[in-house]
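Asker: From first to last, the protein sequence lines are chains U and B. Reminder that position 276 of the first sequence reads as 276 in this note's numbering, one-by-one numbering, no gaps. Reminder that position 223 of the second sequence reads as 223 in this note's numbering, one-by-one numbering, no gaps.
Note that these hints are calculated values from the structure, not bench results. Accuracy of the hints is not assured; some may be wrong.
[As the list claims (entries may be wrong)] Pair ranges (Cβ atoms, derived):
| # | chain 1 | residue 1 | chain 2 | residue 2 | range |
| --- | --- | --- | --- | --- | --- |
| 1 | U | F62 | B | D77 | 15 to 25 Å |
| 2 | B | E230 | U | P43 | 49 to 59 Å |
| 3 | B | Y37 | U | G130 | 20 to 30 Å |
| 4 | B | A58 | U | G173 | 18 to 28 Å |
| 5 | U | I34 | B | T203 | 30 to 40 Å |
| 6 | U | G121 | B | A56 | 53 to 63 Å |
| 7 | U | L49 | B | E230 | 38 to 48 Å |
| 8 | U | A95 | B | T203 | 50 to 60 Å |
| 9 | B | K220 | U | I44 | 52 to 62 Å |
| 10 | U | T59 | B | V100 | 56 to 66 Å |
| 11 | B | E99 | U | A95 | 34 to 44 Å |
| 12 | U | L30 | B | V100 | 33 to 43 Å |
[Claimed, not checked] Here are the simulated lysine-lysine pairs, PhoX-like style, with alpha carbons at most 20 Å apart:
| # | chain 1 | residue 1 | chain 2 | residue 2 |
| --- | --- | --- | --- | --- |
| 13 | U | K82 | B | K122 |
| 14 | B | K220 | B | K231 |
| 15 | U | K247 | U | K278 |
| 16 | B | K220 | U | K136 |
Where a beta carbon is used, it is the ideal one built from N, C-alpha and C, also for glycine.
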Amino acid sequence: MIDRSYTPGKDAIVENGWYRAHKWLIARRLSQVIFLALFLVGPITGYWLVKGTLSSSLTFDFLPLTDPHVLVQSLFAGHDIKTDAIIGAVIVVVAYVLFGGRTYCSWVCPINLVTDVANWGRQKLQLKGGVQFSRKTRYWVMAVTLIVSAATGVIVWEMVNPITLLHRALIFGMGVAWAAVLAVFLFDLFVSRRGWCSHLCPVGAFYGLIGKLSFLRVSAVKRSACNNCMDCYAVCPEPQVITPALKGADKNVGPIITASECTNCGRCIDVCAPDVFKFTTRFDTGEVEAEKSVAAMEEAA
Amino acid sequence: MNSKDPKAKGVNRRQFLADSAKAACGVGAFGLGLGLYSNSAKSLPSSAIRPPGAGAEADFLGACVRCGLCVRDCPYDTLKLAKLGEKVPVGTPYFVAREVPCEMCDDIPCVPACPTGALDPKLTNIDDARMGLAVLIDHETCLNFLGLRCDVCYRVCPVIDKAITLDIIANTRTKKHAIFLPTVHSDHCTGCGKCERSCVLETSAIRVLPHEVAKGAIGKHYKLGWKEKEKKGESLIKGQGIFDMPDRLPTPRIAK
Chain U
1 MIDRSYTPGK DAIVENGWYR AHKWLIARRL SQVIFLALFL VGPITGYWLV
51 KGTLSSSLTF DFLPLTDPHV LVQSLFAGHD IKTDAIIGAV IVVVAYVLFG
101 GRTYCSWVCP INLVTDVANW GRQKLQLKGG VQFSRKTRYW VMAVTLIVSA
151 ATGVIVWEMV NPITLLHRAL IFGMGVAWAA VLAVFLFDLF VSRRGWCSHL
201 CPVGAFYGLI GKLSFLRVSA VKRSACNNCM DCYAVCPEPQ VITPALKGAD
251 KNVGPIITAS ECTNCGRCID VCAPDVFKFT TRFDTGEVEA EKSVAAMEEA
301 A
Chain B
1 MNSKDPKAKG VNRRQFLADS AKAACGVGAF GLGLGLYSNS AKSLPSSAIR
51 PPGAGAEADF LGACVRCGLC VRDCPYDTLK LAKLGEKVPV GTPYFVAREV
101 PCEMCDDIPC VPACPTGALD PKLTNIDDAR MGLAVLIDHE TCLNFLGLRC
151 DVCYRVCPVI DKAITLDIIA NTRTKKHAIF LPTVHSDHCT GCGKCERSCV
201 LETSAIRVLP HEVAKGAIGK HYKLGWKEKE KKGESLIKGQ GIFDMPDRLP
251 TPRIAK
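Model the full assembly from the supplied sequences, consistent with the hints where possible.
Answerer: Written out as structure tokens, the structure is:
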């Protein structure tokens, strides 16, 4: 059991300094704020960088981007989609195939700020227990969004999707969208640990599927240096993805985190005092080679 | 793991089935709820008008991704996105004619702005738009109908003399004046809402309504003699003579 009263990453702060122990966290928050700001500059200043919302947007009156999950729902709803949106979705899919599907979740999605704060509060208040869903639930929810879209002819998730509700509310006017966001916050704070983003959200599930092929990966490249402090598990929103890579040396499993649920948030890199993790590509075989040469040397000796 | 122990395997299978059933039921219930909610949220209040090129409401909600790009490209800030809590499906574009009507731009900028085609890109002439249909809904308060001359809805109509005409009928109250009755023609009315916006009454007597609310249907079997005659160019029964129906004079009752 992880004792949640301690602060993960303390060793890393002592070892590597505060800045390096928060590097990716800061970068990620900056990214989230910048992505939001890009959409907000237009409505506030009248100088349009990006028009639209996360469901579909137009950057510099030139680059169309469309959320592929929304588009697939529209396809299931039986709509004959115009090329602009298809091009937009293809660009988004290609981008996330390169940079990791769920990179969207931790670097772009505005709800992540809400659920991260909820999780932080949960740790600070030392709240335990609550409902635990299977981590596969999100894939079922995603399937349901497609099936119900087909059955009703409506892009059904957009009626309730808290991501676009919040994003649209910030850009076009709030209404009572705050209530939906508050519901997600309270759900993650009191009801279910990391409940929304890591168990239920079908948008994250969809990006996860895209990310199966992702080029960018986190690798436990120096896993032999792991001192089992468990800090990475404590900060990771999807801790199940770490084990195969970190502890897979004996089972001949590579050090690269290949599970598509990994959000590439990089927090494990931050909090690791012995610097086990780093961002790399899925084709990086560096550590495997190194391990092989160590094994060869040991054999020779 | 325990493949050698049949007991443990049985329990695992049972556990697996139970868990699967739970998940399936939970997700199924969620799906039903979502479907019912989306169905009930399909209804649009009659005061909310979709942008030009939007199809029937059911088709529109399968196509609109609620991005707001049409709203951004509307030069008159006519269009707005529904906020959560309003009666219009959240995030979808609409306008309220009485507040800001559609100015019927020649280049219809909202239509090409739509990335998905929820606003039909084939709509290139704004006169072909059918956002709704204006209806002179209240005969009791319309000034023209009272025999006065207001004419404002007629004057502001961008398709004047086609979409709205003033039809002259007799004023039965004064018995000597005319009533200039504003009459909307669905062949030409785009549903822009300028008439509703400019109605001088406190509450507009003319309103843009969805077609399915505003229009009657005459029935396919119904033939209008004068139209058939127009189509043929001559009377349909020409040369057949006029039927001479038997005459019957009133006969006195014979008391028994």
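Asker: Go through the numbered hints given earlier and state which of them the structure violates, listing their numbers in rising order.
Answerer: 5, 6, 7, 10, 16
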